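The residues making up each chain are set out below.
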Amino acid sequence: MSNNRNITDAELDALFKNAEATTPVPAFEDAFWTEMETMLPAKKRKGVILFWWMSGAAVITVMSVLLAMHYFGTQEQKDGIRKSSLQDKHDISLPDSKQTGNANESSDAKFQNTPSGDLQQNNFFIPNVDKRPANGLNENIVENNTDTPNTDEPVIAENEIPVVKMEESDLVLNKRNFVRTYPVVLNDVARENEEGFKLPLYTEFAIGYGQSYKRIEFSNNWSTQFRLTAGLTQEVPGMLLSAGLAFRAEMPNNLSYVKVESNLSSTTKSYVSEYRGLYSVEFPLEAAGRFGRNALGLFFVPGIQLGYTGNKSYYENNNLVSRERESGAIEDAKTMTMECGLKYSYDISEHLMLTGSCTFDIVRPFQSAYYQGDNRDYPATFFVGLRRNF
Amino acid sequence: MQKNSQITSIVRRMQLNTEILMACRKNDRRAQKMVYEYCYTNYIRMCMRYNANHEDARFVLNNGFMKLLAGLEKVELDSLNFYSWAKRIMANVIIDEYRKNKNHKEHLRMKENESELAYFAPVEANNAESDLGVEAILKLLNEIPDVSAQVFTLYVMDGFSHKEIGDLLEITEGTSKWHLSTARKQLRDKLTSLETIPENKLAI
Chain A
34 MSNNRNITDA
44 ELDALFKNAE
54 ATTPVPAFED
64 AFWTEMETML
74 PAKKRKGVIL
84 FWWMSGAAVI
94 TVMSVLLAMH
104 YFGTQEQKDG
114 IRKSSLQDKH
124 DISLPDSKQT
134 GNANESSDAK
144 FQNTPSGDLQ
154 QNNFFIPNVD
164 KRPANGLNEN
174 IVENNTDTPN
184 TDEPVIAENE
194 IPVVKMEESD
204 LVLNKRNFVR
214 TYPVVLNDVA
224 RENEEGFKLP
234 LYTEFAIGYG
244 QSYKRIEFSN
254 NWSTQFRLTA
264 GLTQEVPGML
274 LSAGLAFRAE
284 MPNNLSYVKV
294 ESNLSSTTKS
304 YVSEYRGLYS
314 VEFPLEAAGR
324 FGRNALGLFF
334 VPGIQLGYTG
344 NKSYYENNNL
354 VSRERESGAI
364 EDAKTMTMEC
374 GLKYSYDISE
384 HLMLTGSCTF
394 DIVRPFQSAY
404 YQGDNRDYPA
414 TFFVGLRRNF
Chain B
69 MQKNSQITSI
79 VRRMQLNTEI
89 LMACRKNDRR
99 AQKMVYEYCY
109 TNYIRMCMRY
119 NANHEDARFV
129 LNNGFMKLLA
139 GLEKVELDSL
149 NFYSWAKRIM
159 ANVIIDEYRK
169 NKNHKEHLRM
179 KENESELAYF
189 APVEANNAES
199 DLGVEAILKL
209 LNEIPDVSAQ
219 VFTLYVMDGF
229 SHKEIGDLLE
239 ITEGTSKWHL
249 STARKQLRDK
259 LTSLETIPEN
269 KLAI
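Chains as they are written, first to last, in our numbering: chain A, 34 to 423; chain B, 69 to 272.
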């Protein structure tokens, strides 16, 4: 009794501490976690699924629109393309209407504003062929130049310009008159028909530099990147639209991937993998405004990225146990990505374009537990490339 | 050489659970399980101090884990001392749950005192006889006022400071110190009475 009354605070504390420490506690069982897991909110899979559905839908929509525009484009666009094609092939110069002294200048003022109208005012010699269009067009086209003498001498094209009723668009009528005036166009049209289906394809190769989505352990997490793209493209008035499928490779130098097997037991087991390659499959979409030879617009790149290792080291309690060369996909090292930015293109020739883009990651990398893309200082990527349009 | 030291530093940082916590934040089930196992190992004993059985203790632990997951979204992981932070959250949840159930428990205790005193009396005597058994010692905490017992437990067994205890129990530091002193005095008295029971019995 006296002993207990005299025990110090420290002894009393120790008595209770020891008593508590010796009380048995059931060891952890997986069943406890199973019970806990039922209380946790469901994983946010919905967002992931929505992301892919929306990305897929966007790519399919853009590609469909591009194809549809290619096949069922307006007659005006086709005429425009045909005209420029003819200009290229025959090196047709477009003289000033004032210099040619067009007789029908006042009556065909509207006509002259159209490309084909201009073409009809040039001073080409016209072969002596039957210029009358096929049956059925007579109702629209009425010749007004009945005074023109029917001789074998070459005539000036401007004298052949008909007066038309405005039941069809200027360009449609223009085309008919143009075909009527220049039989060579018929050959072009026939040739186009013979060529059949032609996809509006493009390919692009670009080299870039940017911060990686991957876990960043060292200060330098910038990597050299390469992107090879193939897809569909379409020029519409004032715009350049493209949708494609791209393969992107990143070559990081200082990225490591750490996986801890267990840090609850007395031994901490860790695997450190050094990345040697990060590969992505992407679906780049582009909508750019056309300003002469320049195109500037939005660039949107959803994709999925996978990580591959080079060296893999195994540690126990911070001590290196083994280190080996390894290649292959890293388990869990995958994420979905979404970049958005600007892209600039410049026509350096008829089919070649020089491109430059700057994109930013607009969503956190997800899917994998081992990504820290959101921790990057500058989640940006810069690319310079060369594009070939077919 | 430099790279090796960098890798070693990575592994050291991993021991602080930063990577696992990051994964946990991203709703990775495997990482969450690891953190739960960590919490169970470290805090189930704390929960059991305030709960009669393991199931109740686990229920409180689970509630604490839910709060911990919610809190992870808001904290800066790099500078986080996870052990202390999690212990604080668990203590908060334990005390909240304890307060919620206090009335119910007091009712049960009164009932026990009135109708079942006779049943418990011999058990206490037996514990005392068995050289102050562990359970008997810990049961003494139930026999002193709640707040004093809580302060004693939080200070001695859980290692909280008086300031932290003051925050947790919404009392001042001075009050916390007073409760600790009172608890120690009362526990000493109880221990003495436990030891005297066999002597009295022998005398009778």
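Hints listed in this document are in silico derivations from the structure and should not be mistaken for laboratory results. On a predicted model such as this, the values are computed, not experimentally measured, just so you know. The reader is advised that the hints may include incorrect statements.
Stated by the list, open to error - The calculated BS3-like cross-link candidates involving lysine-lysine, where the alpha carbons are at most 25 Å apart (straight line), are:
#1 LYS135(B) to LYS207(B)
#2 LYS101(B) to LYS367(A)
#3 LYS135(B) to LYS101(B)
#4 LYS168(B) to LYS155(B)
#5 LYS207(B) to LYS50(A)
#6 LYS135(B) to LYS155(B)
#7 LYS50(A) to LYS258(B)
#8 LYS101(B) to LYS50(A)
#9 LYS345(A) to LYS231(B)
#10 LYS245(B) to LYS231(B)
#11 LYS231(B) to LYS50(A)
#12 LYS101(B) to LYS155(B)
#13 LYS207(B) to LYS168(B)
#14 LYS135(B) to LYS231(B)
#15 LYS231(B) to LYS168(B)
#16 LYS142(B) to LYS50(A)
#17 LYS142(B) to LYS207(B)
#18 LYS231(B) to LYS253(B)
#19 LYS245(B) to LYS258(B)
#20 LYS367(A) to LYS345(A)
#21 LYS258(B) to LYS155(B)
Said to hold, decoys possible - Derived CB-CB ranges, DEER-like:
#22 SER152(B) to GLU62(A): 49 to 55 Å
#23 ASP63(A) to ALA120(B): 23 to 29 Å
#24 TYR166(B) to ARG356(A): 49 to 55 Å
#25 VAL98(A) to GLU144(B): 24 to 30 Å
#26 GLY227(B) to ASP63(A): 27 to 33 Å
#27 LEU419(A) to ARG98(B): 32 to 38 Å
What the hints assert, rightly or not - Sample of chain B residues facing chain A (criterion: CB under 7 Å; computed from the structure):
#28 LYS101
#29 TYR104
#30 GLU105
#31 ILE112
#32 PHE127
#33 VAL143
#34 LEU145
#35 ILE205
#36 LYS207
#37 VAL215
#38 SER229
#39 LYS231
We treat Cβ as the ideally placed atom computed from N, Cα and C, and that holds for glycine.
Hints, one by one, checked against the model:
1. LYS135(B) to LYS207(B): 29 Å, violated
2. LYS101(B) to LYS367(A): The given pair, whose Cα atoms are some 21 Å apart, holds under the 25 Å limit.
3. LYS135(B) to LYS101(B): Between LYS135(B) and LYS101(B) the Cα gap is close to 15 Å, so the pair holds against 25 Å.
4. LYS168(B) to LYS155(B): 20 Å, holds
5. LYS207(B) to LYS50(A): Distance ~13 Å between LYS207(B) and LYS50(A) Cα, so the pair holds.
6. LYS135(B) to LYS155(B): Holds. LYS135(B) to LYS155(B) sits at ~12 Å (cutoff 25 Å).
7. LYS50(A) to LYS258(B): Since the Cα atoms of LYS50(A) and LYS258(B) sit roughly 17 Å apart, the hinted pair holds (cutoff 25 Å).
8. LYS101(B) to LYS50(A): 29 Å, violated
9. LYS345(A) to LYS231(B): 47 Å, violated
10. LYS245(B) to LYS231(B): 10 Å, holds
11. LYS231(B) to LYS50(A): 21 Å, holds
12. LYS101(B) to LYS155(B): 17 Å, holds
13. LYS207(B) to LYS168(B): Holds: LYS207(B) and LYS168(B) sit about 21 Å apart, inside 25 Å.
14. LYS135(B) to LYS231(B): 22 Å, holds
15. LYS231(B) to LYS168(B): 23 Å, holds
16. LYS142(B) to LYS50(A): Since the Cα atoms of LYS142(B) and LYS50(A) sit roughly 34 Å apart, the hinted pair is violated (cutoff 25 Å).
17. LYS142(B) to LYS207(B): Given pair LYS142(B), LYS207(B) is violated - Cα atoms ~39 Å apart, limit 25 Å.
18. LYS231(B) to LYS253(B): It holds: about 21 Å lies between the C-alpha atoms, which stays within 25 Å.
19. LYS245(B) to LYS258(B): Holds: LYS245(B) and LYS258(B) sit about 20 Å apart, inside 25 Å.
20. LYS367(A) to LYS345(A): Status holds; Cα separation ~17 Å.
21. LYS258(B) to LYS155(B): With a Cα-Cα distance of about 29 Å, the restraint between LYS258(B) and LYS155(B) is violated, given a limit of 25 Å.
22. SER152(B) to GLU62(A): 49 to 55 Å: 27 Å, violated
23. ASP63(A) to ALA120(B): 23 to 29 Å: 25 Å, holds
24. TYR166(B) to ARG356(A): 49 to 55 Å: 51 Å, holds
25. VAL98(A) to GLU144(B): 24 to 30 Å: 46 Å Cβ-Cβ, so the 24 to 30 Å window is violated.
26. GLY227(B) to ASP63(A): 27 to 33 Å: 30 Å, holds
27. LEU419(A) to ARG98(B): 32 to 38 Å: For ARG98(B) against LEU419(A), whose Cβ atoms are near 44 Å apart, the range 32 to 38 Å is violated.
28. LYS101: Result: holds, 5 Å to nearest chain A Cβ.
29. TYR104: 6 Å, holds
30. GLU105: The hint holds - GLU105(B) has a Cβ within 7 Å of chain A, the shortest such distance being about 5 Å.
31. ILE112: 6 Å, holds
32. PHE127: 9 Å, violated
33. VAL143: 15 Å, violated
34. LEU145: Since the shortest Cβ distance to chain A is 10 Å, the answer is violated.
35. ILE205: The hint holds - ILE205(B) has a Cβ within 7 Å of chain A, the shortest such distance being about 4 Å.
36. LYS207: Violated, because the Cβ-Cβ distance from LYS207(B) to chain A comes to roughly 10 Å (cut-off 7 Å).
37. VAL215: 17 Å, violated
38. SER229: Nearest chain A Cβ about 14 Å off; hint violated.
39. LYS231: 19 Å, violated
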